[in-house]
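S.K.: Hey, can you work out the whole structure from these sequences and the hints?
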Amino acid sequence: MIAVLTADLIDSSLYKEDVLQQVLDTLTSEFGIITKQNGEKSVRFNIYRGDSFQGIVKSPEVALLIAIQIKAAVNRIHLKKTKKSRAYSKIADFKLAIGIGTQELEREALSESNGQAFQFSGRSLDEMKNENRKTRIKTPVEEIDAEFNTAFFLLDTITDKWSTASAEVVYFLLRGLKEREIAAEINISQSAVNQRKKAAGWEAISGLLNRYQQVITTKLKNG
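Basically my numbering = 1-based index in the sequence shown + 7.
If you are wondering where the hints come from, they were derived from the structure by calculation, not from laboratory data.
Hints may contain errors.
Below, in silico cross-link-like pairs of lysine-lysine (DSBU-like), each with a Cα-Cα straight-line distance of 30 angstroms or less [as the list claims (entries may be wrong)]: (1) 88 / 136; (2) 23 / 185; (3) 87 / 43; (4) 23 / 97; (5) 48 / 87; (6) 43 / 205; (7) 87 / 97; (8) 204 / 43; (9) 88 / 226; (10) 88 / 65; (11) 97 / 43; (12) 87 / 65; (13) 97 / 226; (14) 48 / 205.
M.R.: Pasting the structure below:
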């Protein structure tokens with residue numbers, strides 16, 4: 008079993024050139040960070056069409072964490088030049104589908120790879136295009152899909168309310184930093200980090216990540 012993440016930037020044709028360039032640079036950088044975190048043999052990502060990306064995650068139990076990390080990295084983007092981290096409205100976001108299943112063919116080019124996970128991910132993203140949804144999952148088990156697609160609807164509601172400052176704090180929490188370390192990283196007080204952490208709905212997100220990892224490991228990866 009592998010996970011395939013497929014995503015499209017939302018309304019990318021409306022992005023100003025500097026915004027789109029910043030988003031693409033951020034994605035490229037983040038894919039490098041994720042690859043370093045997980046190992047070159049465990050993850051692969053590719054940007055295509057200039058406004059979409061796809062990735063293979065060999066350990067499907069960490070696919071949601073990786074997806075939210077990429078989302079937080081993009082959602083925290085702003086082009087304001089300030090000395091301290093401040094809250095701004097998000098200027099970029101994307102729809103993302105996670106497909107978990109088998110892989111029949113792996114080629115050097117992701118676009119030439121194929122299998123159940125690729126089909127699940129691609130079809131799920133297509134289904135989302137006319138929906139007010141930003142995150143969806145498809146697996147071989149309908150009960151898992153039902154549970155997490157309901158949870159992802161709530162996740163979308165939480166993340167839609169993120170400011171760039173909220174996304175930034177979540178991003179560093181997902182990278183494993185403590186509140187004190189985040190405060191030093193973005194030049195704000197630890198109490199401010201804690202406030203942004205609460206505003207971002209971190210406890211709910213953390214609980215969802217734990218549940219996802221548990222279910223995917225026990226019912227799919229080891230089942």
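S.K.: Which constraints among the numbered hints does this structure fail? Numbers only, ascending.
M.R.: 1, 2, 5, 9, 10, 12, 13 and 14
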